[in-house]
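Order-wise, the sequence lines are chains A and B.
In terms of our numbering, the first sequence has 165 at position 140, counting the first letter as 1, and numbering is strictly consecutive.
In terms of our numbering, the second sequence has 223 at position 198, counting the first letter as 1, and numbering is strictly consecutive.
Hints were generated in silico from the structure; no laboratory data involved.
Given the structure is predicted, the values throughout are model-derived calculations rather than measurements.
Please note: incorrect hints may appear among the correct ones.
[Said to hold, decoys possible] Here are the simulated DMTMM-like pairs of lysine to aspartate or glutamate, each with C-alpha atoms no more than 20 Å apart in a straight line:
no.	chain 1	residue 1	chain 2	residue 2
1	B	Lys107	A	Asp221
2	A	Lys180	B	Glu130
3	B	Lys180	A	Glu52
4	A	Lys65	B	Glu185
5	A	Lys64	B	Asp205
6	B	Lys180	A	Glu130
7	A	Lys180	B	Asp48
8	A	Lys180	B	Glu185
9	B	Lys131	B	Glu52
[Claimed, not checked] Covered stretches of chain B (chain A as the covering partner; in silico rule of three or more C-beta atoms under 8 Å from a C-beta of chain A):
no.	region
10	32-45
11	102-111
12	214-227
Think of the CB as a built atom: it goes at the ideal place given N, C-alpha and C, for glycine as much as any other residue.
Number of protein chains: 2
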Amino acid sequence: METRGISRAVIGRLPRYYRYLGDLIDEGIERISSNDLSKKMHVTASQIRQDLNNFGGFGQQGYGYNVRFLRTEIGRILGLDKSHNMIIIGAGNLGQALANYASFEKNGFLMKGIFDVRPELDGMMIRGVPVRMMSELETFLAENEIDIAALAIPKARAVEVSEILVNNGIHAIWNFAHTDLRLPKDVVVESVHLSDSLMKLSYNITCHKNGEKKGAGV
Amino acid sequence: METRGISRAVIGRLPRYYRYLGDLIDEGIERISSNDLSKKMHVTASQIRQDLNNFGGFGQQGYGYNVRFLRTEIGRILGLDKSHNMIIIGAGNLGQALANYASFEKNGFLMKGIFDVRPELDGMMIRGVPVRMMSELETFLAENEIDIAALAIPKARAVEVSEILVNNGIHAIWNFAHTDLRLPKDVVVESVHLSDSLMKLSYNITCHKNGEKKGAGV
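Here chain A stands alone, though its shape is the one from the complex (with noise of 0.2 Å):
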């Protein structure tokens, strides 16, 4: 499936190449080729270089690529220019861990909500935002623009609370339940599933002992 003509696998490598660039900025480093790149990255300096030519290609040959200048357009590309405000349903161990991560502010999501059902939960303080109640998430969506959704409560409740959502204007979910969600095709959904992968590694784990050499994981 394409977008803007760029492949969704290319998009989905976009944020690792953004994560890389800000390591090179960290180290002091300001141009690079794609074949320094490709060794940091374990993929191959001919892949690097289709991918980025998919924005133009910022690298100028013979002279690698300006490091600050690559990891702006990648930001922009990924929307990471402008800041997006989030809320976050379920203000369990999950919820509030994510709540409590500051490193995401950094890269402009703002935690504006957290909400949860159980009273006693009702006005405690997360890095400023307190917590409310499901009774006002449609109030609250109707008096603040919010972009982002994360769902971090049981899958019991997930599919009703993401419709609840979707029909509040909400048009992207993080979803953490361990479920699928189906919403309208204008809705984005990015679901992290921690027990799959969980499932992957013990997999993993079971080949090894198997005596086998690698398995279906990294």
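Position chain B relative to chain A; hints supplied.
Below, chain B without anything else, positioned relative to chain A:
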């Protein structure tokens, strides 16, 4: 890359089959045809038949799959028929969230230890397990049989700590640090890069705001 003649792609899909079959059991469904399963999972029936044929195919023509049997078999293939001892490095928000995920234990992932460098956390109990200091890690690994280490620490220390783990017999790392780990071939790493997934969501929001139908997320 092949493992036991089973492609990574198939292995990567098994946890999802396992999850759906578990839901079917909860719904009291004992048998299901590949067609009905395909409607539920939104994958083609032929893909389902191909995937499950890797394991000899548990379906009987015309009778469909025995849900409980199939789930048990897939669980066995994933190594979920055995329990796995896990430790968590980092007792911050994410580490504590992982430590509190009782649902992992249902699948046989047992949290045996949690480690941190912050003295103020020393001895704090999380679901019956005390937070230990990193200085105790090597002794702990020598005295306990640990299969999996979850890394819930900042990337600055992730490489160093992962090497300590590997040097002390850990062969499976569940990496939440925002960096890639380069470890020996016989060590399996499953990385969960939360920021990367958030960036894909951001890309899709940007596409959506630019009036596009669908982006790269899910």
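Comparing the hints with the structure gives:
Only pairs whose Cα atoms come within 20 Å are accepted, and Lys107/B paired with Asp221/A is accepted, the gap being roughly 16 Å. For the proposed pair Lys180/A and Glu130/B, the alpha carbon gap of about 17 Å is at most 20 Å, so the pair holds. For a cut-off of 20 Å, the pair hint linking Lys180/B to Glu52/A stands: about 14 Å separates their Cα positions. The hinted pair formed by Lys65/A and Glu185/B meets the criterion: a straight-line CA distance of about 17 Å does not exceed 20 Å.
Between the alpha carbons of Lys64/A and Asp205/B the distance comes to roughly 13 Å, so the proposed pair stays at or under 20 Å and holds. With a C-alpha separation of about 17 Å, the suggested pairing of Lys180/B with Glu130/A holds against the 20 Å cut-off. With a CA separation close to 11 Å, the supplied pair Lys180/A and Asp48/B stays within the 20 Å bound. For a cut-off of 20 Å, the pair hint linking Lys180/A to Glu185/B is broken: about 36 Å separates their Cα positions.
Our distance criterion of 20 Å between C-alpha atoms is met by Lys131/B and Glu52/B, whose separation comes to about 18 Å. For the region 32-45 of chain B, the stated coverage by chain A holds: 8 residues have a C-beta nearer than 8 Å to a C-beta of that chain, and at least 3 were required. For a cut-off of 8 Å, the count of residues in the region 102-111 of chain B with a CB near a CB of chain A stands at 6, and the three-residue condition holds. With a cut-off of 8 Å between beta carbons, the region 214-227 of chain B has 14 residues touching chain A; three or more are needed, and the interface restraint holds.
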